[in-house]
Amino acid sequence: MAERTIAWPKFGQAQILGKDTPRVYDGAKKALGLAKYAADMNTPGTLFARLLTSPHAHAIIKSLNVEPAKQVPGVKAVHVFRGVDTEVRWEGELIVAVAAERPEQAEDGLRAIAIEYEVLPHWVDDFDLAGAEAAKITDKGEPLKLTKSQGNQKKGDVEAALQEAKYVHKGTYGSAVITHMCLEPHGSHCEWKGDQLISHLSTQNVSGTAGQFAGPLGIEEAAVSINCEFIGGGFGSKFAADEWGIACAQMAKETGRPVRLMLDRGTELKVAGNRPSSLAEVTVACDADGKITAWDSNHWGTNGTGGGTVSLTVTPYVYDPPNRRRTATGIVTHTGPQRAWRAPNHPQACAYTQTAIDDLAAVAGIDSLSFVRKNLDITGRPAVYAAQLDIAAKLMDWQAKWHPRGKGQNGSVKTGLGLALHTWGGAAHAATCLVKVHPDGTVETFLGSQDIGTGIRTSIGVVAAETFGIPMTSVRVHIGSNKYPKAGPSGGSTTIGGVSGPVRRASQEALWQVLDKVAAKHSVDFATLAVKDSKVWSGDKEVCTWKQACSLLGPMGIEVRGEGPKDDGLTSAQVGGVQMAEVEVDTETGIVRMKKMVAIQDIGLVVNRLTAKSQVLGSLIMGIAYALSEERIMDPKTGRFINADLENYKLPRIGDVGELVVEFYEPESEYSRGVIGIGEPPVISPGAAISNAVANAIGVRVPILPLTPKRVLDAMKGA
Amino acid sequence: MSQDPNARSGPGFNRRDFIKGSGAAIAATAAVTAAQEAIAQDAPAKISTAGPHKVTLQVNGKTHELMLEPRVVLLDALRNDLNLTSCKEVCDRSACGACTVLIDGKPIYACTRLAIECQGQKIETTESLANGDGVDVVIDKFVEHDGMQCGFCTPGFAMAVRGFCNMHPKASKEDCRKGLGGNICRCGTYDGVLNAAYEAAQKGGA
Ligand code: FES
Ligand code: FES
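If you read the sequences in order, they're chains A and B. Note that our numbering has the first sequence beginning at 1, numbered continuously upward. Note that our numbering has the second sequence beginning at 1001, numbered continuously upward.
In isolation and in its complexed conformation, chain B is listed as follows (with noise of 0.2 Å):
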């Protein structure tokens, strides 16, 4: 970062800075893993930003084209480019899962993902638990056992529930308590999604 920290705040000093300013990194080797995030942190503060560069996503089993910088994280490409507004963004930092994907089947935060890494997997948003008429049985559970009051945790909780029973089916609501602590709902839902999260189990993955 070549600025001092201090003289600003709001969004100035945050995730997506680092990554911005790490850009020119990311786009020469197309995928950072957390290690490289850390040795990058230490790099040199004077790194200038690469230019839009054509990303190729596949999303709910579409293809998508984008012309993204290379500091776009996977949550924005999702919201702003394509519309798939069920990822949230709430805390921007891996700390709430509101912005919980399935990519290759595992549960995801999109904010810390950058699009760029993203190509050549499968990605999932919570909108493709819609199937045709019906919906998967975690949507069903989750209204039956009235899993939400706001709703602006519920999608990101909801696919991290799927992504668990795929990983655990017949979970004991024990289980369910201790796999799902990735997710915050602050209206306080916890007691539906629980027992909804349990009941999807017993069904198994999907």
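If we strip away everything but chain A, and leave its shape as in the complex, we get (with noise of 0.2 Å):
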């Protein structure tokens, strides 16, 4: 029944909503690489960009001539970034671009470019605090202090806490640095038509980038178009122009030709992003019931040059004992600039947070589940972390798998059991959505935002057709150009939130619009109408069909505004979610394999259950990759980043991840809560609850993530 207040369909009512949705509009465009990338984009007469940059983590550039690169066949531009007397300070920082018809031509001009550096002293080892802090480097020619203070927090009184308690704990666990090594390197293929630059860029932030284009060109920000249909990963590290989209813009300039740069993937693991190092060491307490009662922690670790670390507002994570004291210290490295990772701070907190708990609840011979249990009040969602642990321990079936720690298998393979919990906001962006209805029934949606994976394309396409009535097919869904209205930039979760609260709001007006001319037209009281199946109903008698009703608007059709975030009740924030992991450790090789995980999220009302499973199933796949294998290596001798590159940065593939279980933890309670970003809270607790899972197999901890085979047959040896 049509009544004049924007909420949701009633709980069960929904006929597209919280159902399982396949991509509609993309998903074969996508699967047969139809859809275009920026890395795609091929108009004619497209010229292609190369890199030219430092090989040095810490120098100084003593001469440049890129004359001869001009002369190359081919070549038709060259940007120098960085200049003669400039310092660069890390491995990859982009020094020219040439643009040439051909790659292979740019390729050449790069190597006609002459270049001397003087090679000045560097540092890029994260974990070792006493060196940083005695280390003598020298930036600009002044001493560098390598060592930040990042804050200390005390609550509490911690040390007599630590007196009184029954059992303490001490112990270091870290985590190293990772990269996002989105697929689809960054970068973008820019073209001017006149004094309009046409940008088609690999963005989570189609909204948001004009300007930083418009700026260094001496633009109007209105002469920007930003277009980005499909993005090939993101996960936080694109939401910016960056110094190479502006290169690319300006040689498209010069040349009067269109320009393609992307970063080749050497340099986009050095210098488009990477998540920040931690080491902890931890001192936790409890009571002989096994009540965490205090908890000091002092951690390091790296974001690159600007020396931060880890956050100490999460930190410890999830559990808020009430005696606290909390330092961190960044160290500054010569090494590429962090960029928020998915659930930025979050997976490195509950890495160092929850197997330091952990191994307190094997210190206090209490199983890792009741101890967990035995804690939950003092966390912010003790009620469903309680709910969510009962289907999780179902579903793994804990209690038949459990065995205290080390004290599982006699052979040399051996398995084992952990868990952890996480928390997330995931509250809605701001944005405006324009619908629009045409008499004869379709439905056009345009935000300008940007579908970074999530599968938000589907999920306005559901919103939508849910609100009219009619099937997905009869809805036109428009994002990923910057001449839509306003979307927030697609992190924190915030976009499913973000776009569909606005979606809703202007669909439900524009079909109380249509409705109105309905009840006019048929003599029939409003508040009795009804759309489905793409027909309008009065109770259950049929009024008219949907493309009749619409047919009452006239040659224009309509167009509604709708915004948000609101506070009508359509989203919120705040989620908790657990996961429990089950592995097999070869104590030969020290080589660990998924057996299983199970994932139980908090969401709030599910707007597409397909694509938001994918998410977590995604999270939870991201999650075994840092537990696991994929990690930074820099060599601390020439101060290189030296697996920048698929082969050896290891990433699991299909047949390494184990068998993937996902719940939604969704009562009646959960949906009226309306809807909650999910995208990164799931990748929180796989490094935990792994490391976890492999502590209780072979009964020692390996303190940092990822659990490599030599790090795991380490621990093993000091054990």
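The hints are simulated quantities; they were obtained by calculation from the structure and are not laboratory data. Take these hints with a grain of salt, some might be off.
Claimed, not checked - Listed next, with one range per pair, are the computed distances between beta-carbon atoms:
#1 A/P555 to B/K1106: 36 to 46 Å
#2 B/G1181 to A/R4: 41 to 51 Å
#3 A/K70 to B/D1175: 48 to 58 Å
#4 A/D390 to B/K1170: 38 to 48 Å
#5 A/E559 to B/D1133: 48 to 58 Å
#6 A/E444 to B/D1175: 53 to 63 Å
#7 B/E1065 to A/K637: 29 to 39 Å
Claimed, not checked - Cut-off 35 Å, straight-line C-alpha distance, at most; resulting in silico cross-link-like pairs (DSBU-like, lysine-lysine):
#8 A/K70 to B/K1054
#9 B/K1178 to A/K650
#10 B/K1122 to A/K36
#11 A/K401 to B/K1170
#12 B/K1203 to A/K36
#13 B/K1203 to A/K596
Stated by the list, open to error - A few chain A residues that don't get close to chain B, going by computed Cβ distances all over 10 Å:
#14 K30
#15 E104
#16 R381
#17 G441
#18 T442
#19 T454
#20 H522
#21 T545
#22 T611
#23 R653
The structure presented is a predicted model; accordingly, all values stated were derived computationally and were not measured. Note that the Cβ used here is the ideal one computed from N, Cα and C, for glycine as well.
Put the two chains together into one complex; each comes in its own frame, and the hints tell you how they fit.
Here is the structure:
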């Protein structure tokens, strides 16, 4: 029944919302390779750019001659990012871009460039705090302090609590720097039409990047068109135009030709973002019942030259004991700068918190699951976690599989169980949606948003189709252009709430306008009207078809705007999740094999079950990657990122992830909370859950993620 | 390679440099095998570049004549000259499978095949899985099981699955896990891909 209230359909009454909806608009297009990414743009005359980057972690450019490059056949433009006397601060920093008729000619151009460096001392070790304090490094000739305090906070009386505690455990835990490894590297295709710049940019920020081009190019923001129908991964690293984007536009301007500049794989990994590392010395204590009473930690790590590390505010993670002290120090390293990485700070903090707590449980002789249950009252969502733990334990068959730490099988292959908890916000970002209803009943939605792989294009269609009671195929979803109404960047799991709210609001208002016409024309009470199956109903009587209803709108149809976020209950925030891992460790080789992971995720109202589930599955796999294999390896001697390629930067493959079980926690109370983003939270727990499972299997803690065979064997030797 | 690899970073020292360096040798033999590559790698550093040649490629049932230097890899010829961008450049070194095409029915990484070597062979890119109004069952299954997120690895993965199903009709899930290890997905779509591959395999080869 039509009520003039903005709301979601009542629980259990939705037609499409919350069901499994495949990517009807773009699924086949993507799978067939017909979807065009920035990296695929090939307008006639396109020039291809390649980059000369610094091979040194720290150096001054002493001489640079790009003239020979300009003579190379096919070379059309040479752009200098950093000239003579510039100091480069990490390997991979961009020096020169060359654009040519063909990529191989651009590479010829790079080879023709003459460059000399004065190599300066560097520091790339992110875990050697004492070494960083003692190192003698200069920056622009001035002594450079490599360590920076990132805060020191205290609550309660930690010393007294440690004195009184029944069990006290001390340990060291951490995680290495990892990269985003977007399969489509950062970059763009830029082309000018008169004074208009048309940029196809691989971006998570369609509505927010025009100004970043306009400023440096000295043109009006209105003259910049940003286009991103598809993006090959971002994970938090693609919010900016970046200096290479500006250079691409400049070379296009200079040559009067379109230019495509995508980072090569090595450069992508060195300069386009990474997730900061952290190593924590933790002391954690509990009473005789296993209630955590005190936490004391000091952690350090790097985020590049900024001298930051994992934020203090999420330490300890999820649990908030009455007495805690937390200290952090960032180490300046000559490495590429960090960028937001899916759920910034949380995975690392989870990895050093919930491992330490699991070790405390082992010291206290309490099984991991009971220990967590005993301490839920010091978390933000005790009831939700408690319910989720029950579901997860059942799906994992925890009770039957559990054995005390290191007390499993006798053979060389040992299995173990571990678990972890996480939390996240996921509130809606700001956005406006324009909905057009045409006289023939078709509907169009316009939002300057982007589908970073989450299936947001499909979800927008779901909300509109649900609201108008029409099939997905009657809705045309337009995103990926900054010429549409503005929508926030896709970061922080804000997009699903950010777009579904405005789409629903605009669609409901448009629907009411249509139904007003129907009520007048057919002399029925507006309040009795509803739409379903492409028809308008009054109670259970069919009034007219949707198409007939829309024909009443006149030749222009209607346009309605919806905004967000609003306080009308369509969206909210704050979720909790529980994950359990089961692993098998070969104690002779140190290889950890995933057997099973169970993820229970608090989600609010589900828009599209299929793609929401894909977000959790993808998070688990990304989590398995940083838990077991992926890390940036810096060579201390040369200061180079020595595994900056997909061969030596190890990611799991299809046979490496084991069985993955995903379930949403969604009692009716969850549905009524409205839409909440969950793209990030499920990537938080895998590190700790898997590390705990390995400790449970082999009886000792492998302190640092990823748990490579070497680290596993080293830990066992130390035991 | 005539230059000190320590002198540069970025694309200065990669597989394509090697291919470029050995271009003359390749132009002469028109084909290079892994074993020959290994020999060529030890060859003297001073090698000149060969110019553009007429290269005839048979792609998705059509014949194309291109002017390409011998060092041009199949991936670039498909993407930049023929605009067949299902073939993605991701790792550029036979590690990820994003550039998978079928050559004479077998899945091959196009990033490490020279275009000139592929003359006379039947090349199929993922675009060929659209036939008339319909699509290959592999594509349907990828969509049905949501075997994609950002979609950048997806065409390569779909082509690997097509090739795998042709060679292993009725494969079990375990077979799929073992046989599809040549492709990397960063978004983590392996669960959907596995279900898609398994169901497509039950329908046999194409
Ligand atoms: S791009 Fe060819 S295998 Fe990765
Ligand atoms: S879907 Fe994004 S890399 Fe596979």
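Here is how each hint holds up against the structure:
{"no.": "1", "hint": "A/P555 to B/K1106: 36 to 46 Å", "in the structure": "violated, 57 Å"}
{"no.": "2", "hint": "B/G1181 to A/R4: 41 to 51 Å", "in the structure": "violated, 56 Å"}
{"no.": "3", "hint": "A/K70 to B/D1175: 48 to 58 Å", "in the structure": "holds, 55 Å"}
{"no.": "4", "hint": "A/D390 to B/K1170: 38 to 48 Å", "in the structure": "holds, 40 Å"}
{"no.": "5", "hint": "A/E559 to B/D1133: 48 to 58 Å", "in the structure": "violated, 33 Å"}
{"no.": "6", "hint": "A/E444 to B/D1175: 53 to 63 Å", "in the structure": "violated, 45 Å"}
{"no.": "7", "hint": "B/E1065 to A/K637: 29 to 39 Å", "in the structure": "violated, 50 Å"}
{"no.": "8", "hint": "A/K70 to B/K1054", "in the structure": "holds, 26 Å"}
{"no.": "9", "hint": "B/K1178 to A/K650", "in the structure": "holds, 17 Å"}
{"no.": "10", "hint": "B/K1122 to A/K36", "in the structure": "holds, 25 Å"}
{"no.": "11", "hint": "A/K401 to B/K1170", "in the structure": "holds, 33 Å"}
{"no.": "12", "hint": "B/K1203 to A/K36", "in the structure": "holds, 29 Å"}
{"no.": "13", "hint": "B/K1203 to A/K596", "in the structure": "holds, 28 Å"}
{"no.": "14", "hint": "K30", "in the structure": "violated, 3 Å"}
{"no.": "15", "hint": "E104", "in the structure": "violated, 6 Å"}
{"no.": "16", "hint": "R381", "in the structure": "holds, 25 Å"}
{"no.": "17", "hint": "G441", "in the structure": "holds, 24 Å"}
{"no.": "18", "hint": "T442", "in the structure": "holds, 21 Å"}
{"no.": "19", "hint": "T454", "in the structure": "violated, 7 Å"}
{"no.": "20", "hint": "H522", "in the structure": "holds, 39 Å"}
{"no.": "21", "hint": "T545", "in the structure": "holds, 27 Å"}
{"no.": "22", "hint": "T611", "in the structure": "violated, 6 Å"}
{"no.": "23", "hint": "R653", "in the structure": "violated, 5 Å"}
Consistency with the previously given hints fails for numbers 1, 2, 5, 6, 7, 14, 15, 19, 22 and 23, ordered from lowest to highest.
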